[in-house]
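Single-letter residue listing:
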Amino acid sequence: MKPLKLLNLSMAMLLATSGMAQDRFLTRNGEVKFYSHAPLEDIEAFNDKVLSVIDLNKGEVAVDILIKAFQFEKALMQEHFNENYMESAKYPKSTFKGKFEVPDGLKSMSNGTYPVTVSGDITIHGVTKPLTTRVELVVINGTINTEFSFKVKVKDHDIKIPSVVVRNIAEEVEVTANFKYEPYQR
Amino acid sequence: MSHINASMKKTILFIAAIVLGHSLSAQDDLLGMLSDEREETIDYVEATFKGQRMINGHTVVTRKAKELEFIISHRFGRINTGINELFGLDGANIRFSFEYGISDFLTVGVGRSSFEKIYDGFAKYQILRQSSGKKVMPVSITGFSSMAIRTLDNPAFQNEEFSDRVAYTHQLLIARKMNETVSLQFMPTYVHRNRVMGNQENDLLAFGVAGRVKVGKRVAINSEYYYRLTSELTDLYKDSIGIGVEIETGGHVFHLTFTNSRSMVEKGFITETDGDFFNGDIHFGFNLSRVF
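Top line first, the protein sequences correspond to chains A and B.
For the working numbering, count along the first sequence from 1 and bump the result up by 2.
For the working numbering, count along the second sequence from 1 and bump the result up by 1176.
Pulled out of the complex, with its shape left as it was, chain B reads as follows (with noise of 0.2 angstroms):
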């Protein structure tokens, strides 16, 4: 009998606590009532970066399905050859490419450089997207490819065969949105390029680190450092580095670049940098991109 009352009691307990329960949540404040019927979403993170681009390396960004970005960007020769050169602007190399957006997770891209004179492709797939909420993702990742193609015959070589002109790179792009105005990436990549000179690898490995900090509501300051894991046979090859302004006016964005690579494409800034960022070989130039 007394077994049969304590579950009882047990019960009553039970039920006493879902009305309270019940009589709590009933909400006199309407608003604080559609807070709680709110049902927990996925929460994507937002422009971790502004553009494609970085400095000269891609961020995790991808174009959304159907987006077409055109981007069109400058690196001028380097400011320590003085007044001469005016301060590098009389030499300069220009890159353009149309990517575009085949899904909401895959790119792909052509470019051409007159530097070189290469012609570069890239595909981009986006791996995973940053998100809190009801599904927690610390960061975006990205995977990147591109094969780079020079058409300007290299001296050094005797006679080229289509494929010693050809240079792979792949890369994983990784990155973090801290807070609204620190975004950070990591990119571990690796250089295949098919015939080298003989002071210079064909595979190398490298570690970037590029992070982005807003100063102003569409002002940020970008900048990228790709430290080679692997080395060359001299040291003539330098990490790159750059630094840059980043204005964005919808759909346009705008970057300021500061950096000691000469060349726009992966294998080129990755592999064959060869200007001392801190003796002030450093080239000025822009990017400027705009999606349609």
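Bound conformation, chain A alone (with noise of 0.2 angstroms):
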């Protein structure tokens, strides 16, 4: 009997986990698309591979973006991008962490749009800086949908851009995201 009581005891926890993890919300065809607007040029980009988390029980968010897979229009540009402005070798990642409030309604997954204040960190070539937007949370039917946009100065992460190209390359670039989380399983 002893056995078969440990294996109860198992299943009560493996229950246990598997129904903490419903808090969590992922997506991993998140949309992230920046656009610089210079002189001489438009650059835009956009990366459909990201990663985020959306933990509504501590109200934390997270967000993870491979530069590699940033496709621009030309490939020249993207090898500038990866080799010359974002390191991605030395620097693969971009990171986001960050927390909010989270609404009554929003916790009970309700179905309607619940405006939030995340502020964190983001984290560009290697360089943390702390960021707070105002963000729009669309609960539908089980998954949280949100779009929001917010500007990145690229002197801030210590991304050079020298005298040449200074007519090509916007000095503030202007971020978008769409992530469509849904409930996280294992």
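Please note that a few of the clues may not be correct.
Listed below are several chain A residues computed to face chain B (Cβ distance under 8 angstroms; list not exhaustive) [stated by the list, open to error]:
id	residue
1	L53
2	E62
3	A64
4	D66
5	A77
6	T97
7	T130
8	V166
Bear in mind the hints are in silico, worked out from the structure with no lab data behind them.
Ideal Cβ positions, reconstructed from N, Cα and C, are used throughout, including at glycine.
Hints are included, so try docking the two chains, each in its own frame, into the full complex.
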């Protein structure tokens, strides 16, 4: 009988841990776009393999962006972006980790729109800066959806632009994100 | 009975292991959790070399689909001709070419050299691409073939058919980006000239070695050496040696080169280099490349 009890206990623990995981919502195909507008050139890049997770229990959010996964219109731009500006071999990822107050309706995942203020730290090119932005989290049938944008100053993250291309690359880059989170299942 | 107990114990241990594993990997740290969730990708190396040219010869680099590259190159006369020739600057050999990416793997190009009034055409195909991660490939390999047509009459020949003016070069370009600073390349080469002079061979095999060392964010030292595996009948001809500085500014690649070869066409610099590099028979020159 004793072994069976242990078995039951194990099953209970298994259920407990998976129950905990339902506070977490994940996206594997988050979309991040950036746009640089400069006198000579507009540069755009797109990444649809961004990972992000929201923990409703703790009111935490994290984003993980693979720099190499940004796609450009021109292959040469992509090479320069990785090699000269972002140094993706040295700094393969950009990350964000932040906190927000979880509204009650969101906690219970009732359909609706919940504006929240997320504040945390963004790391680009190995340089971490604080970032606070207001986003709307929209709950639709058990998924959390959000679309937001913010601006990043290239200089803030120690990304150097040589004077010869200063008219090709904007000092401030607009970043747009579109995430659709689904309940996290292992 | 005891047998059943034993197998049950195994089952329990197994479940316990799963539960333990489960709770351990359910990371508290959300960023750590995302790192665990990230699927392994194929990481292709970027920028093994910055351009399609090392000094005179090609690198494994091909143009991407619909990219057009324009290259203009000069090789001046020999530096050791002295002040009378302004150290070679009085005499220049010019080549310009248009090179176009038909697909991400196939590039074709046409060029014209003033030296021997040569028209040349080439095709290069990327066979393998160095990668790490999900798929590990230690080297990049590109196949290269070119044809050169000399339109300047060779006074040594009595009468020339069109085919007499044609030469072919076939190469396998094998490169590895060793790290962020150093890239190496090996170039087994076969050259065939349809008609040659008395002291030359129609067919020649060579083995080229080339390297690029980054010395700054946008500056590198390039060098290449073609060792001829089969020898000519006389020792008039030398192995081609080249060394240069490469400067890259978004879209432009600029080379300042020093080489003992006058020609910038494969059949020319690999088989017909007659300058002795260590005796000062050095041609200063430059390559300027622009990608559209």
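Evaluated hints:
1. L53: holds (5 angstroms)
2. E62: This hint holds: E62 of chain A lies near chain B, its Cβ roughly 6 angstroms from the closest one there, short of 8 angstroms.
3. A64: holds (4 angstroms)
4. D66: holds (4 angstroms)
5. A77: holds (4 angstroms)
6. T97: With Cβ-Cβ at 6 angstroms, under 8 angstroms, it holds.
7. T130: T130 of chain A check fails; min Cβ-Cβ to chain B is 12 angstroms, beyond 8 angstroms.
8. V166: Check passed: Cβ of V166 of chain A comes within 5 angstroms of chain B, closer than 8 angstroms.
This entry does not satisfy hint 7, going by the numbered hints stated previously; all others are met.
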